[in-house]
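Asker: Make a model of the complete structure from these sequences and hints.
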Amino acid sequence: QASVLCFLCARKAAAAAMGLKSDAVFAKIQAGLESQGAEVVKKTNAIFAFKIKEGKNWVLDLKNGSGSLKEGEGKADATITIADEDFVAMAEGKLNGMQAFMGGKLKISGNMMLAQKLGSVLESVGK
154 QASVLCFLCA RKAAAAAMGL KSDAVFAKIQ AGLESQGAEV VKKTNAIFAF KIKEGKNWVL
214 DLKNGSGSLK EGEGKADATI TIADEDFVAM AEGKLNGMQA FMGGKLKISG NMMLAQKLGS
274 VLESVGK
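In our numbering, the protein residues as written are 154 to 280.
No lab work stands behind these hints: they were computed from the structure.
None of the values given here were measured: they were computed from a predicted structure.
Honestly, I wouldn't trust all of these hints.
[Stated by the list, open to error] Straight-line alpha carbon distances no greater than 27 Å define the calculated BS3-like cross-link-like pairs of lysine-lysine that follow:
| no. | residue 1 | residue 2 |
| --- | --- | --- |
| 1 | K196 | K223 |
| 2 | K247 | K260 |
| 3 | K195 | K223 |
| 4 | K206 | K270 |
| 5 | K174 | K204 |
| 6 | K209 | K228 |
| 7 | K204 | K181 |
| 8 | K195 | K181 |
| 9 | K258 | K206 |
| 10 | K216 | K196 |
| 11 | K270 | K247 |
| 12 | K258 | K181 |
| 13 | K174 | K258 |
| 14 | K258 | K204 |
[To be verified] Ranges of calculated distance between the beta carbons of each label pair, as one might list FRET restraints:
| no. | residue 1 | residue 2 | range |
| --- | --- | --- | --- |
| 15 | M251 | A191 | 25 to 31 Å |
| 16 | G172 | S221 | 17 to 23 Å |
| 17 | N264 | G172 | 28 to 34 Å |
| 18 | A184 | G256 | 26 to 32 Å |
| 19 | G227 | M265 | 15 to 21 Å |
| 20 | M266 | N217 | 18 to 24 Å |
| 21 | K174 | N198 | 27 to 33 Å |
| 22 | G256 | K195 | 30 to 36 Å |
| 23 | K195 | G172 | 30 to 36 Å |
In this text, a Cβ means the ideal position worked out from N, Cα and C, and glycines have one as well.
Answerer: Here's what the structure looks like:
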């Protein structure tokens, strides 16, 4: 059992060291917040936590000020757990969020209704 845990830890560490494909999406979100954060905050009024299965967590605050994005864990209105590749596909419009949820690729805890806003958020700040 310890060897399985060590393997999982090593996998997470390797993913963190290599960087994930979703890092580029979060960089775009950060850039979008810098240019239109206040507008997105007005429309959204929510805090999202993202748990990328390969080992990174992010908190996207679209409730306060001009919004913010930071790596790590924190309090959120809705928490989205998803694989790196699936998150990237969703952000690129190649994977429908509802289909991902129904297919078990996307898990949501907290306020599910807020999670429905996520598609338009990714669209507006990811440009």
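Asker: Given the hint that K216 pairs with K196, test it: the Cα-Cα distance must not exceed 27 Å.
Answerer: With a Cα-Cα distance of about 9 Å, the restraint between K216 and K196 holds, given a limit of 27 Å.
Asker: Given the hint of 25 to 31 Å, is the C-beta distance from M251 to A191 inside that range or not?
Answerer: The hint (25 to 31 Å, Cβ to Cβ) holds, given that M251 and A191 are roughly 29 Å apart.
Asker: Falls inside 28 to 34 Å, the C-beta gap from N264 to G172?
Answerer: 30 Å, holds
Asker: Within a Cα-Cα threshold of 27 Å, do K195 and K223 meet the stated pairing?
Answerer: 19 Å, holds
Asker: Please work out if K195 and K181 have their alpha carbons no farther apart than 27 Å.
Answerer: 19 Å, holds
Asker: Are K247 and K260 close enough, with their CA atoms no more than 27 Å apart?
Answerer: 18 Å, holds
Asker: Does the alpha-carbon distance linking K174 and K258 stay inside the 27 Å limit?
Answerer: It holds: about 16 Å lies between the C-alpha atoms, which stays within 27 Å.
Asker: Decide if the proposed pair is consistent with the structure: K196 and K223, CA atoms, cutoff 27 Å inclusive.
Answerer: Status holds; Cα separation ~20 Å.
Asker: If you draw a straight line from the CA of K206 to the CA of K270, is it 27 Å or shorter?
Answerer: 21 Å, holds
Asker: In this structure, is the beta-carbon distance linking G256 and K195 contained in 30 to 36 Å?
Answerer: 32 Å, holds
Asker: Could you say whether the range 17 to 23 Å given as a hint is met by the Cβ separation of G172 and S221?
Answerer: Distance hint for G172, S221 holds at roughly 21 Å.
Asker: Using the Cβ atoms, figure out if K195 sits within 30 to 36 Å of G172.
Answerer: For G172 against K195, whose Cβ atoms are near 32 Å apart, the range 30 to 36 Å holds.
Comparing the model with each earlier hint shows no violations; every hint is respected.
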